[in-house]
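J.: The primary structure of each chain is shown beneath.
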Amino acid sequence: QVKQQIAVANAQELLTKMTEKCFKKCIHKPGTSLDSSEQKCVAMCMDRYMDSWNLVSKAYSLRIQRERTNM
Amino acid sequence: QVKQQIAVANAQELLTKMTEKCFKKCIHKPGTSLDSSEQKCVAMCMDRYMDSWNLVSKAYSLRIQRERTNM
Amino acid sequence: QVKQQIAVANAQELLTKMTEKCFKKCIHKPGTSLDSSEQKCVAMCMDRYMDSWNLVSKAYSLRIQRERTNM
Amino acid sequence: MQIHEFNDFCWDKCVEKTGNKLDSKTETCLTNCVDRFIDVSLLITNRFAQLLQKSAGI
Amino acid sequence: MQIHEFNDFCWDKCVEKTGNKLDSKTETCLTNCVDRFIDVSLLITNRFAQLLQKSAGI
Amino acid sequence: MQIHEFNDFCWDKCVEKTGNKLDSKTETCLTNCVDRFIDVSLLITNRFAQLLQKSAGI
Numbered sequence: 001q002v003k004q005q006i007a008v009a010n011a012q013e014l015l016t017k018m019t020e021k022c023f024k025k026c027i028h029k030p031g032t033s034l035d036s037s038e039q040k041c042v043a044m045c046m047d048r049y050m051d052s053w054n055l056v057s058k059a060y061s062l063r064i065q066r067e068r069t070n071m
Numbered sequence: 001q002v003k004q005q006i007a008v009a010n011a012q013e014l015l016t017k018m019t020e021k022c023f024k025k026c027i028h029k030p031g032t033s034l035d036s037s038e039q040k041c042v043a044m045c046m047d048r049y050m051d052s053w054n055l056v057s058k059a060y061s062l063r064i065q066r067e068r069t070n071m
Numbered sequence: 001q002v003k004q005q006i007a008v009a010n011a012q013e014l015l016t017k018m019t020e021k022c023f024k025k026c027i028h029k030p031g032t033s034l035d036s037s038e039q040k041c042v043a044m045c046m047d048r049y050m051d052s053w054n055l056v057s058k059a060y061s062l063r064i065q066r067e068r069t070n071m
Numbered sequence: 001m002q003i004h005e006f007n008d009f010c011w012d013k014c015v016e017k018t019g020n021k022l023d024s025k026t027e028t029c030l031t032n033c034v035d036r037f038i039d040v041s042l043l044i045t046n047r048f049a050q051l052l053q054k055s056a057g058i
Numbered sequence: 001m002q003i004h005e006f007n008d009f010c011w012d013k014c015v016e017k018t019g020n021k022l023d024s025k026t027e028t029c030l031t032n033c034v035d036r037f038i039d040v041s042l043l044i045t046n047r048f049a050q051l052l053q054k055s056a057g058i
Numbered sequence: 001m002q003i004h005e006f007n008d009f010c011w012d013k014c015v016e017k018t019g020n021k022l023d024s025k026t027e028t029c030l031t032n033c034v035d036r037f038i039d040v041s042l043l044i045t046n047r048f049a050q051l052l053q054k055s056a057g058i
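Chains as they are written, first to last, in my numbering: chain D, 1 to 71; chain U, 1 to 71; chain H, 1 to 71; chain L, 1 to 58; chain F, 1 to 58; chain B, 1 to 58.
The following block holds chain D by itself, in its conformation from the complex (with noise of 0.2 angstroms):
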C-alpha cells in the first residue's frame, strides 16, 4: 500500500510537471479556447515528456550501477 501511494505521488508529480512545460512549449498567448493545433501540440509534447523520463530514468540507473560497481 505504501508502494502504490508512491507510485499515485509520483504520477501526481509526473502530471504537474507536464502540464507546466507543456503549457509554456505549446501555449503561447493564452486564448478563449484550446485551438486544435495547441491541443496536437500538448499531446505530441506529452508524449516526448515521458520519452524524455524513460530515458533519463534509464541514464540514472546505469550510471548509479556503475557508481556500485566501481565501489
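Misleading hints may appear alongside valid ones.
A short, non-exhaustive set of chain U residues, derived as facing chain F with CB atoms under 8 angstroms [said to hold, decoys possible]:
#1 L15
#2 I27
#3 W53
Bear in mind the hints are in silico, worked out from the structure with no lab data behind them. Remember, predicted model here, so these are calculated numbers, not experimental data. Beta carbons are placed, not taken as given, at the ideal position from N, Cα and C, and that holds for glycine.
Based on the hints, put chains U, H, L, F and B in the right spot on chain D.
T.: Leaving out everything else, chains U, H, L, F and B in the frame of chain D:
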C-alpha cells in the same frame, strides 16, 4: 483559529512572492539605497500583483464552479 | 547534535545549489565526459559561489544588526 | 495547485509593465491563462489515464 | 528567507562570469542586492499592513 | 535528487522542439545531461570535502 493560521500563511506567501516579482521588475541594478523611482515602481507593482491575484482567484473559482455543474 | 544536523542540512543545500548553478554556467552542451576546461570552470564557479555565499551572509547579518539597533 | 502558484505562473506569462492599472489585454490574458492552464491539466490527466488503461490492456 | 535563497537570487542577479575572483563590481552588487531585497520586503510588508488597516476602517 | 528533478532540469537544457519523436541529438543530450550532472555533483562534493579537511588542518 486554524482559519486565522491559514490566512496568515497565505498573506506571508503573498508577501514573499510579491517581493521577488517586484524586485525583479523594479530593481535592475541594486544601488546603495532604494531611490524614489524604485520605491514608486515597487508600490505600483505591488498593487498590480494584488489586482492580478484577485483576477486569477476569481477566474479559478468560476472555473471550478463550471466544472462542478458539468459533472 | 541538533546543531550538527543543521550544519549537515546546510552543507547539503549548498552543494545542491552549487551543482545546479555551476552546471548551468559551465556545461553548455553536455558531452560524453566532463572535459578539463569544464572541470576547471566548475571548480572556479564553486569557489566563487562560496565567496558569494560568504558576502551575502555577512551583508545579511549586518543588516539584521542594524535593524535591531533601529528598533 | 494553489492560487499563489497560478498567479506566479500567469503573472510571468501575461504581465509586462506595471503601470497605474492592469490594461484590458493583460486582464484578459490572466483570466485566459488560468482557464487554459486548467484545460491543459485536464487534457494531460485524461490522456494519461487512457494511456494507463491501454497499457493495462483494459 | 534563508541565506541560501538570498544567495540563489542575488547570484542570478549579479554574477555573470566566474573568474579567479569576484570583481569589485560583482561584490558591491551582491551586498547591495541583499540590502535592497530587504528594503523591498520591508516596503511591501509595511504597505500591506497599511492597506489592511485602511480596509478594516481603523 | 529525484528523477523528476533530473528530467525537469535536462528537459530545459536539451529539448527545444517537441515533434513526433525525440531526435537522436536530443536523446544523446538527455543521457549525457544526467551523467554530466552527476559528474558535476561528485566533483563538487569531493572538492568540498577536501576543502573542509584542509580548513580543519587534517
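J.: Provide an ascending list of the numbers of those earlier hints which the structure does not satisfy.
T.: Violated: hint 3 alone.
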